[in-house]
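Novice: One letter stands for each residue in the lines below.
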Amino acid sequence: MTQKPLPTGAGVLATTQPLPDYGKAPELSREDRLRWYRLMFLTRKFEERSYQSYQTGLIGGFCHLYNGQEAVAAGTFAAITDADPVITAYRDHAHGLMRGIRPGPAFAELYGRATGVVKGKGGSMHYFNVDKQMYGGHGIVGGQTALGLGLAFATKYLGEKKVCFCYMGDGAVNQGAFHESLNLAQLMKIPVIYVIENNMYSMGTAVERHSAPVELYKRALGYDMMGVRAEAQDFDLVRQVSWTLAERARKENMPAILELMTYRYRGHSMSDPQYYRSKDEVEEYRKHDPVEILRGRILSEGTVSEKDLDKLEDEVRKEVQESHEWALASPYPAQSEIYTDIYA
Amino acid sequence: MAKIAYRDAVRDAMSEEMARDSRVFLIGEEVAQYNGAYKCSKGLLDKFGPDRVIDSPISEAGFSGLAIGAAMYGLRPIVEFMTFSFSFVAFDQIVNNAAQIRYMSGGQIKIPMVFRGNSGGGHQIGATHSHAPENIYATFPGLKVVVPAFAADAKGLLKSAIRDDNPILVIENEALYGRESEVPDGDYLTPIGKANILQEGTDVTIVTHGRSCWTVLEAAQELHKMGIRAEIIDLRSIKPLDWPTVFASVRKTHNLVCVDETKPFCGVSAQVAAEVQRACFDHLDAPILRVTSVEAPMPFSSALEDECIPNVARIIEAVKQVVS
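Those sequence lines, one after another, are chains A and B.
Throughout the first sequence, residue numbering follows the numbering used here, covering 1 to 344 in sequence.
Throughout the second sequence, residue numbering follows the numbering used here, covering 345 to 668 in sequence.
Derived by calculation from the structure, the hints in this document are not laboratory data.
Check before you lean on any hint, since a few could be wrong.
[Said to hold, decoys possible] With the C-beta cut set under 8 Å, the calculated list includes, among others, these residues of chain A facing chain B:
hint : residue
1    : F128
2    : E180
3    : L184
[Claimed, not checked] In the PhoX-like style, the derived pairs of lysine-lysine whose C-alpha atoms are separated by at most 25 Å in a straight line are:
hint : chain 1 : residue 1 : chain 2 : residue 2
4    : B       : K596      : B       : K569
5    : A       : K4        : A       : K218
6    : A       : K132      : B       : K454
7    : A       : K318      : A       : K307
8    : A       : K189      : B       : K391
9    : A       : K161      : B       : K454
10   : A       : K311      : A       : K287
11   : A       : K218      : A       : K251
12   : A       : K287      : A       : K307
[Said to hold, decoys possible] From the derived model, a few chain B residues whose C-beta atoms are all more than 10 Å from chain A:
hint : residue
13   : Y378
14   : K391
15   : M426
16   : P477
17   : E526
18   : H568
19   : D586
20   : K596
21   : P608
22   : C624
23   : L628
24   : D629
25   : R658
If you're wondering where the values come from, they're calculated on a predicted model, not measured in any experiment.
Cβ coordinates follow ideal geometry from the N, Cα and C atoms, glycine included.
Throw the hints in and build the complete structure from the sequences for me.
Specialist: What follows is the structure, given as structure tokens:
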């Protein structure tokens with residue numbers, strides 16, 4: 001096993017082309033900053049509760065947790081607006097919760113209930129919230145990369161000056177659909193940003209065992225594309241680099257790969273015994289926790305007291321517990337639901 | 345009513361719908377500057393420009409997925425496959441994304457789009473280029489599949505498909521592109537899910553679709569000389585399939601022969617036979633027979649290929665056996 005590099009706080013680590021200088025991303029208001037912290041904390045607590053629920057048999061099928069990766073979804077989302085479409089793979093709870101899915105329907109989906117966000121028809125891997133431009137939740141590795149291209153194409157076709165952030169794991173970089181999408185994106189000048197959430201393991205296969213070039217952002221070189229590698233435990237650093245790439249996409253219709261170096265604390269899915277890495281490695285990473293980093297920064301800025309932050313966290317814990325109970329009390333779908341939503 | 349070629353009917357359908365709705369665009373290999381590998385998009389680039397008539401690299405998974413994503417956002421794409429045999433390169437995009445995202449999103453998303461293009465064998469282009477895949481795609485809930493045999497339906501079914509809010513495969517046939525037949529004037533639509541009785545008869549029902557319609561019509565003339573009156577049904581739509589029309593005809597003629605170009609195993613004719621024996625068991629005077637492609641990859645030599653696709657001789661033999 002190769003020791004994984006720990007975060008250094010450097011932010012951007014490497015690029016295939018010089019990054020354009022659009023300056024600093026606009027400052028977030030105190031309220032917005034707290035809102036993003038709250039969403040990261042909510043995601044962490046939601047996933048911890050999901051972990052328990054899976055262990056006790058409340059969740060069937062697959063369940064992929066986001067613990068440790070929260071600054072990826074939060075930092076990138078905070079760089080764009082809720083009008084910009086986003087799409088991701090199957091590790092999608094964070095993207096759903098941060099794009100407006102309430103924890104109640106989110107839990108209810110995991111428990112297969114009628115009140116689930118997609119009526120119990122999609123499960124953990126298929127959260128959708130089109131009202132907030134969240135287009136799934138997709139189970140086939142890499143399959144969503146072509147859809148993200150199409151969402152971005154449509155915004156350009158309609159002259160909307162938007163950008164689509166399309167998320168994928170590091171394991172998806174070897175799928176053909178991804179490479180076809182990269183070529184089309186650069187060729188047709190489509191404003192899509194491919195965010196590789198590099199948690200360094202494709203299920204149980206470490207990056208150096210699944211990818212010929214271990215620096216995944218360099219896949220962009222084959223397509224004359226902008227590729228960026230950046231650290232991803234710090235919300236503010238993620239937001240800054242994401243904002244620069246989003247501005248470039250809006251102004252110049254230029255796509256990019258953004259490889260974000262992150263780490264998942266849990267296994268690939270709940271059934272993963274994690275024989276492929278050491279407990280020490282995981283513990284080392286926990287010292288660079290994205291939720292703790294943003295919490296510490298907010299406190300050091302002095303705009304919020306520790307007492308108020310504790311209160312906010314207690315509210316979230318309560319919301320998660322109540323949502324879980326509400327979901328458990330929800331009915332299962334009627335049998336007739338099998339045959340609805342097949343055709344429009 | 346004018347007589348026009350099938351390929352021109354396809355083009356007219358796309359041209360009229362693109363003029364009618366700015367959300368409709370065409371993407372595929374050679375569709376723009378080359379005017380389409382089979383000239384189905386001739387003149388569309390000049391008329392609508394490169395933003396709406398888009399030449400794609402050879403990249404079926406990529407451009408199919410692009411179109412599905414665009415449809416998720418509210419556009420109404422038309423994807424041209426140079427041949428449906430190449431659609432298998434995009435199989436995951438079609439069957440996992442186009443077909444199932446509506447369901448998995450709990451009905452939040454519509455995929456209003458069309459995949460269309462050439463299919464079928466008979467042109468000595470070998471096994472990889474000669475698939476007739478309508479039965480394969482028809483097995484996926486969420487997809488609709490139509491197969492026009494005549495110019496009127498090439499236009500009418502395609503226009504209906506473009507206006508439909510679901511992903512629809514419009515499966516054409518190279519052998520038909522140059523054939524002329526009458527197309528009603530104006531904004532002509534063929535309803536999806538409605539079969540067409542091409543010829544009324546009393547002795548046997550022949551259920552067919554696509555290019556085989558022409559072969560069956562030719563065989564019917566020979567049968568007529570033998571005193572056999574065949575009722576011929578062109579399914580036009582494989583999914584949904586017009587069961588009432590099929591059942592009513594079998595209850596009238598008491599005999600059924602199914603003819604189509606898909607493979608015999610799990611093919612369209614197998615599906616029709618299964619449903620008819622269930623619904624019309626007491627009305628049947630003889631076992632249902634099927635005339636289909638054969639259980640082999642498509643050979644190159646024309647001497648062999650001609651035997652692998654339903655032909656007049658095999659159809660006549662099957663009908664004679666059923667009515668004897």
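Novice: For every hint, state whether the structure bears it out.
Specialist: Do the hints match the structure? See the list:
no. : hint            : result
1   : F128            : holds (4 Å)
2   : E180            : holds (3 Å)
3   : L184            : holds (5 Å)
4   : B/K596 / B/K569 : holds (21 Å)
5   : A/K4 / A/K218   : holds (19 Å)
6   : A/K132 / B/K454 : holds (16 Å)
7   : A/K318 / A/K307 : holds (17 Å)
8   : A/K189 / B/K391 : holds (23 Å)
9   : A/K161 / B/K454 : holds (23 Å)
10  : A/K311 / A/K287 : holds (24 Å)
11  : A/K218 / A/K251 : holds (23 Å)
12  : A/K287 / A/K307 : holds (23 Å)
13  : Y378            : holds (17 Å)
14  : K391            : holds (17 Å)
15  : M426            : holds (16 Å)
16  : P477            : holds (20 Å)
17  : E526            : holds (32 Å)
18  : H568            : holds (40 Å)
19  : D586            : holds (16 Å)
20  : K596            : holds (31 Å)
21  : P608            : holds (28 Å)
22  : C624            : holds (25 Å)
23  : L628            : holds (30 Å)
24  : D629            : holds (36 Å)
25  : R658            : holds (36 Å)
Going down the numbered hints, you'll see the structure goes against none, and every one checks out.
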